[in-house]
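Knowing the structure of chain R, use the given hints to seat chain F on it.
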Amino acid sequence: MVDDGQSGGLRGGDEAAGRDGGGGADRRATNIDVVVHHTLVAGVVLGLALLLVGLALSAAGRGGLAVHSLKAPAAWYAALHLRAGGFYSLGLLALILTPFIRVVGSIVAFAAARDWRFVAITSAVLAVMVVSIVVGAA
Amino acid sequence: MGSTPTSGTNLGGFAAGGRQAAVDGRSGAHTGRFRTPVITLIVLVLVAVAAGMLGAMLGVGGGIVIVPVLTLFLNVPVKSAIGTSLVCVVVTSSASQIVYVARGFTNSRLGMTLEVATTLGALVGGVTAILVSGRAIFAVFAAVLIYVLFSMERKPPPLLPVDPRSALGGSFVDPDTGREVAYGVDHLPGGLALSFVAGNVSGLLGVGGGAIKVPVMSLLMRVPLRAAIATSNLMIGVTAATGALIFFGRGLVEPRYAVPAALGILVGAQLGTRVANRVSAALLRRVFEVLLAVFAVQMALKAFGI
Chain R
1 MVDDGQSGGL RGGDEAAGRD GGGGADRRAT NIDVVVHHTL VAGVVLGLAL
51 LLVGLALSAA GRGGLAVHSL KAPAAWYAAL HLRAGGFYSL GLLALILTPF
101 IRVVGSIVAF AAARDWRFVA ITSAVLAVMV VSIVVGAA
Chain F
1 MGSTPTSGTN LGGFAAGGRQ AAVDGRSGAH TGRFRTPVIT LIVLVLVAVA
51 AGMLGAMLGV GGGIVIVPVL TLFLNVPVKS AIGTSLVCVV VTSSASQIVY
101 VARGFTNSRL GMTLEVATTL GALVGGVTAI LVSGRAIFAV FAAVLIYVLF
151 SMERKPPPLL PVDPRSALGG SFVDPDTGRE VAYGVDHLPG GLALSFVAGN
201 VSGLLGVGGG AIKVPVMSLL MRVPLRAAIA TSNLMIGVTA ATGALIFFGR
251 GLVEPRYAVP AALGILVGAQ LGTRVANRVS AALLRRVFEV LLAVFAVQMA
301 LKAFGI
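Those protein sequences? They're chains R and F, same order as listed.
With the first letter of the first sequence counted as 1, position 64 gets the number 64 in our numbering; the numbers rise by one all the way through.
With the first letter of the second sequence counted as 1, position 50 gets the number 50 in our numbering; the numbers rise by one all the way through.
Next comes chain R alone, as it looks inside the complex (with noise of 0.2 Å):
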């Protein structure tokens, strides 16, 4: 929806510049780059989103920038309850995972191209990330 707007818009830039839009290219790495670019398109679209909801909610008394932020059920009930600090939190929280889900998207698209090496790869990382969090959240 919005965001195939944005990557249609993104695209429509690159073949201005001269590229070739990928379509001459077998390379396998480019059905990757599709699947990452749309995940990234779709995070950074949903986190900002969540964003601008938020301070229009704050423009119109909604609440305001607030110093701490709210954990996922507690941001949920307050989006729900239509106040800016619930969509703040839920933005940030979007942006920061936008990441961990190019990192899966990755794994998924080197499965779907069989590329198992970098299916082990990919999902080294993905651990390590998990086991940093664990470590980092005790």
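Careful: at least some of the hints might be erroneous.
For each label pair, taking beta carbons as the anchor points, the in silico distance ranges come out as [as the list claims (entries may be wrong)]: (1) R:P73 - F:A293: 43 to 49 Å; (2) F:G305 - R:A56: 43 to 49 Å; (3) R:W76 - F:P68: 32 to 38 Å; (4) F:D186 - R:V104: 29 to 35 Å; (5) R:L80 - F:A139: 49 to 55 Å; (6) F:V38 - R:V131: 40 to 46 Å; (7) R:A120 - F:K79: 31 to 37 Å; (8) F:S151 - R:A137: 36 to 42 Å; (9) R:V134 - F:A143: 30 to 36 Å; (10) R:V131 - F:F150: 34 to 40 Å; (11) F:P77 - R:R114: 47 to 53 Å; (12) R:L80 - F:E153: 56 to 62 Å; (13) F:A143 - R:L80: 52 to 58 Å; (14) F:A282 - R:A137: 43 to 49 Å.
These are computed hints drawn from the structure, not numbers from a lab.
Remember, predicted model here, so these are calculated numbers, not experimental data.
Just so it is clear, CB atoms sit at the ideal spot from N, CA and C, and this is done for glycine as well.
This is chain F only, laid out in the frame that chain R set:
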């Protein structure tokens, strides 16, 4: 921070009443205790735009700019400043990657391979911190940056022909010439080792490590500068996201700083990718050298405890 143990930390626990209180508490906090001075917001957004541009153009995180500005000029506690800066690095990376992936500059296979070493390096960064003094690390880091600075003055190494047996090479259309540049990747073991060090240093010093990754790829692994910048940009986003999520969980990503900064970064990164596409690789190299010199001085000062 410490003086305001509000509902922020215990919002995860949610009795029904607690939830309601949390929402009410939030609105109380907004209207009563905290008003963001407009000047703070303006400074924050401007700094974020600049940091986003820098990060997108040069493959580094903006942390080295954002943390000092927040702590020195806006009196933000260091941990909250690092939390904000981590979010900024993540957003810089994602926003510029949208463009760099579409252009084919980012080498996802190479980035993910090196990222294994970087994330492991960041994970054991805490262990290293116990064994080595912080000043020693700053001194070594400064020395490395000065060495890199002089290396970059030499001619860039010639491209390595693509090795059909290796999956790591890449190609992209160079906006300078309009021609396709295909390259192989040299010295993978050395690149992995130095990526480990880059992750280690970033875990220790709270810097992204892009200042190490770009020269390692460009000088040692013979990756063209544009591809090195875009691939480093991918890697710093993945590394920073891990840290950002930990900080978010601890309530150290404060919306009052992070929201304006993230919006500024989104604008800056978009500008940065466009500017980077217009300027020549030679000019990018020059700007990167200036950045390295600034980092080196900053690290040397810290090594001497200034």
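>> Is 31 to 37 Å respected by the C-beta to C-beta distance linking A120 (chain R) and K79 (chain F)?
In response: 36 Å, holds
> So the hint says 43 to 49 Å: do the beta-carbon atoms of P73 (chain R) and A293 (chain F) match that?
Replying inline: 47 Å, holds
> Okay, S151 (chain F) versus A137 (chain R) on CB: inside 36 to 42 Å?
Replying inline: Given range 36 to 42 Å: holds, Cβ gap about 39 Å.
> Does the Cβ-Cβ separation between P77 (chain F) and R114 (chain R) fall within 47 to 53 Å?
Replying inline: 49 Å, holds
> Would you say the C-beta atoms of D186 (chain F) and V104 (chain R) sit inside 29 to 35 Å of each other?
Replying inline: 30 Å, holds
> Does the Cβ-Cβ separation between V134 (chain R) and A143 (chain F) fall within 30 to 36 Å?
Replying inline: 34 Å, holds
> Taking 34 to 40 Å as the hint, is the beta-carbon distance of V131 (chain R) and F150 (chain F) inside that range?
Replying inline: 37 Å, holds
> Per the hint of 49 to 55 Å, is the separation of the Cβ atoms of L80 (chain R) and A139 (chain F) within bounds?
Replying inline: 52 Å, holds
> Do the Cβ positions of G305 (chain F) and A56 (chain R) conform to the proposed distance bound of 43 to 49 Å?
Replying inline: 47 Å, holds
>> Taking the Cβ atom of L80 (chain R) and the Cβ atom of E153 (chain F), is their distance within the range 56 to 62 Å?
In response: 58 Å, holds
> Would you say the C-beta atoms of V38 (chain F) and V131 (chain R) sit inside 40 to 46 Å of each other?
Replying inline: 43 Å, holds
> Taking 32 to 38 Å as the hint, is the beta-carbon distance of W76 (chain R) and P68 (chain F) inside that range?
Replying inline: 35 Å, holds
Comparing the model with each earlier hint shows no violations; every hint is respected.
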